[in-house]
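Colleague: Below are the chains, spelled out letter by letter.
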Amino acid sequence: MTLRLSAPPPQAAASTQGRKAVSGGTVLLRKLSALVAVTALLLWAVRRALPAGSDLVNWGGLALLDDLAATVLRPSLEPDFLQVVLEATATTLALALLGTAGALVLGLVGGLILSDVAWGDAPPWPVRVGRLVLRGVLVAVRSVHELVWALLFVSVLGLDPLVAVLALTLPFGAQSAQVFGETFDSVPDAPLRALRTAGARPFSALAYALLPGTAPLLLSYSFYRFECALRSAVVLGVAGVGGLGFELTVSLQSRNWGEVWTLVATLLALAGVVELWSNRVRSDVAVVTCADWSVGHERPREAGQSAKGQAAKGQAAKGQAPKGRSPDGLSRSTRWSLMLVLPTVVLAWWWVGLSPAGLTSPRTHELTAQLIGDMWPPELPDGGMRVLADATFDTLAMAVLAMVVAVVITLLVGPWASRPRADRRGPAAWGRWTAWWVSRLLLLVLRSIPPTVWAVVALLALFPGVLPGALALGLYTGGVLGRLVAEAWETMDLRPRDSLRDSGVPRVVAAVASVAPPSANHLLTYTLYRFEICVRDTAIVGVVGAAGLGRLLSERLGAFDFSVVTSVLLASLLVSLTVECVGRRLRRALRT
Amino acid sequence: MPQRPIGRRGLLLGAGATLLLSACGSGSGSGAGADARPLGIAAIPDQDPELLGRLYPAVAKRFADATGLDVVYRPVTDYTAVVRAFEIGDVHLAWMGGLTGVQARERRPGSTALAQRDIDADFRSLFIAHSSAGLRPFTTMDGLRGLAGHTLTFGSETSTSGRLMPEYFMRQAGLKTSALRGTAGFSGSHDATIELVASGSFETGAVNEQVWKSTVAAGDVDESKVAVLWRTPGYADYHWLARPDLDKTFGDGTSEKVLDLLLGLDHRDAEDAELLKLFGAKSFVRTRNSAYDQIEDVARDLGLLR
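If you're matching them up, the sequences are chains A and B in order.
Okay, so the first sequence: first residue is 0 according to numbering that gives the first Met the number 0, each after it adds one.
Okay, so the second sequence: first residue is 0 according to numbering that gives the first Met the number 0, each after it adds one.
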């Protein structure tokens, strides 16, 4: 459940400018064919999820759903259990923090290697080949879900907190490296050239020329990454180090719903606090919304003064360094957050008893060699290619339907979840603010409850198959997508609407004509991004949904059939790659 | 992570402190040496996992008292992870199911089954059904064929009583899983199986008899909605499994001491009785690897053992 970051790719801007002009007819044709393709995909997914002649809704289970709703009001509040929850919360926070820290280190190093700016104009060919390989490795690393990483790491490291930290660090680090690389490339490289020409050493030149310009973006991204790590840490219960994920799995397995709801409430509170804090820090470093990582900075109320608004939309930050403030301009809370980062990491380190010794021990080497030997060469599961292809298509259908659910949620809730503009007054404004709070809370609830819990609930209402998995993932993804899109909508420039209105166009027409196209663009970009993540996340709901690659994966892991596990992982890598390439093409075809 | 507001000195100090701390951490780790490594115990998370969470710290304490060693319980929520931890030596003594025990022995040859509960030599699974399925209880294995055309959920994938043996008996009766309606589900635990069948999400399910009994006794199941269809023949299930290097690592006689403790548990003694009650047993008895030969054959047959 990584939020793979969430920013439209900056290189888009460069290519827009450099691209040769296309006629209106071609654009229309492209849009039409993309529309047909998407419709066909949806129809296919629905057909696959709903085999003819089977029941859809489990009316018998609905009664239990009712009982379940009643238990929400009776969470377990036993002192013993609350003590356990408190400790688990600390562990989860510590794991998320350490995982994020590791990911950021990986991301910085990887990002520098991947960025063009760090290498100058013409990197030597070994570097170019190396970067190509690295890019491939990074895609492969992040196409595997954290939970699967954790299971693999348990095999070589044993029951060690390092398992949970590494399971977060690797996929998040791979993701961060890509985002950081793009960020580095998006700032002007003149200062760097100047420093290098003046004789500065490569490392100092990079540190002094690149970091100041990109720091606000990186900082904002880092805090956001921590929010994501927190959500992911919750699914990792296998490492034997406790934490909320462990407690949740335990309570869920024994169907102690009172405890499940206590844990969910804790998650909710934790996620709420972390997000508020992260928002505060991010708004302080001038990068408010997630969209800002690539479109630069803009606060709604400043929209009038800032000319950056709409111009920034399609154009990435290239040549438009975000308005970084001087360190002294940071608020007290941000300064304290930054000062506390290192001590907190140390504290977290001590709390979970992390020791890197596991990485270098001879046992680890031996077990790694053994695991690789077990995993290679890959073998097909019983039933051969057909079984694997079936599972792959189920996974794809599940992800497509999940995105449908998520987009519907976003369309229904998203508009209310965008921060109200400050220009309204009176009772209408109060109503709007209330709607804002309610919808933000709703989205928070949707994304704070892990998909595994949603899946168990969905299975009470729906018969097993692709559908409950899709619903569970869709509810969760809806919470994430709704928030991302709502925040992107906040940054939208309203001056076109105002001009239309001022020139006498009716309010509704003005709003639809000026606001709809850019809104749709944001929605589309984030939907494609989340779709890629959704494909990966099917691994964890596949089990309950009794469908897809996730099902196959957990079954083969249970039988220690690692050679088949490899082919399942390869299949999901293939899906990830395909989705990423197709997504890129679609974005290009539909770009306004 | 960019650290702009922190001065260079602060950064260096912080980094130094981190290094020092991690050095201390690894220092104490290696200083303790392999001999002082605590004896790890674990259990497959197949019965009420919360109960396990209460039970095993108590077991660890009794083991520690009996052996004079430092014993820690390593909680794990995943069957596969328990076997893996046992295989690589993070866990030296584990409460395994029939199948997980066989898997662990396959991956770490020379491991020995020490003891099982009095009920484990003749363990049973139950097939249960929701009232709406319209299925009547039956007395012979052939009755399983009546499940064709209905939905069914197993427990965890590598559960002996929740998956392996029920599927084996289904095969014996000539009922293929493909004859069921939809694919067979895997609920993840026995409690979950009972809930899913009680809710009607699945018409039928296969469940551990002991868990079913305790759930019924606790009044947690509506017996007007769920009924037992059939009780399977007996098979060997849960047992304590010891790694081959247990005595070598922790001193000769360690496994003897553990075995003596387990076999000596007496339900007339208050403290012992509490432990036995948590295990749902009256006593522990000696067992050996060969008791699980049938499980091993079935596991190979079903592709759960390579």
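Think of the hints as simulated: they come from the structure by calculation, not from any bench.
Predicted, not measured: the structure shown is a model, and the values here were computed from it.
All residues carry an ideal CB built from backbone N, CA and C; glycine is no exception.
Hints should not be assumed to be uniformly reliable.
[Said to hold, decoys possible] In silico EDC-like cross-links for lysine to aspartate or glutamate, where the CA-CA straight-line distance does not exceed 20 angstroms:
(1) B/K60 x B/E222
(2) B/K175 x B/D296
(3) B/K60 x B/E295
(4) B/K224 x A/D381
(5) B/K175 x A/D66
(6) B/K276 x B/D259
(7) B/K224 x A/D65
(8) B/K276 x B/D292
(9) B/K247 x B/D265
[To be verified] Covered stretches of chain B, going by a simulated chain A footprint (3 or more residues, C-beta under 8 angstroms):
(10) 73–82
(11) 295–305
Colleague: Decide, hint by hint, whether the structure agrees.
Modeller: Evaluation of the provided hints:
{"no.": "1", "hint": "B/K60 x B/E222", "verdict": "violated, 38 angstroms"}
{"no.": "2", "hint": "B/K175 x B/D296", "verdict": "holds, 18 angstroms"}
{"no.": "3", "hint": "B/K60 x B/E295", "verdict": "violated, 32 angstroms"}
{"no.": "4", "hint": "B/K224 x A/D381", "verdict": "violated, 37 angstroms"}
{"no.": "5", "hint": "B/K175 x A/D66", "verdict": "violated, 35 angstroms"}
{"no.": "6", "hint": "B/K276 x B/D259", "verdict": "holds, 19 angstroms"}
{"no.": "7", "hint": "B/K224 x A/D65", "verdict": "holds, 16 angstroms"}
{"no.": "8", "hint": "B/K276 x B/D292", "verdict": "violated, 28 angstroms"}
{"no.": "9", "hint": "B/K247 x B/D265", "verdict": "violated, 29 angstroms"}
{"no.": "10", "hint": "73–82", "verdict": "holds (count 9)"}
{"no.": "11", "hint": "295–305", "verdict": "holds (count 4)"}
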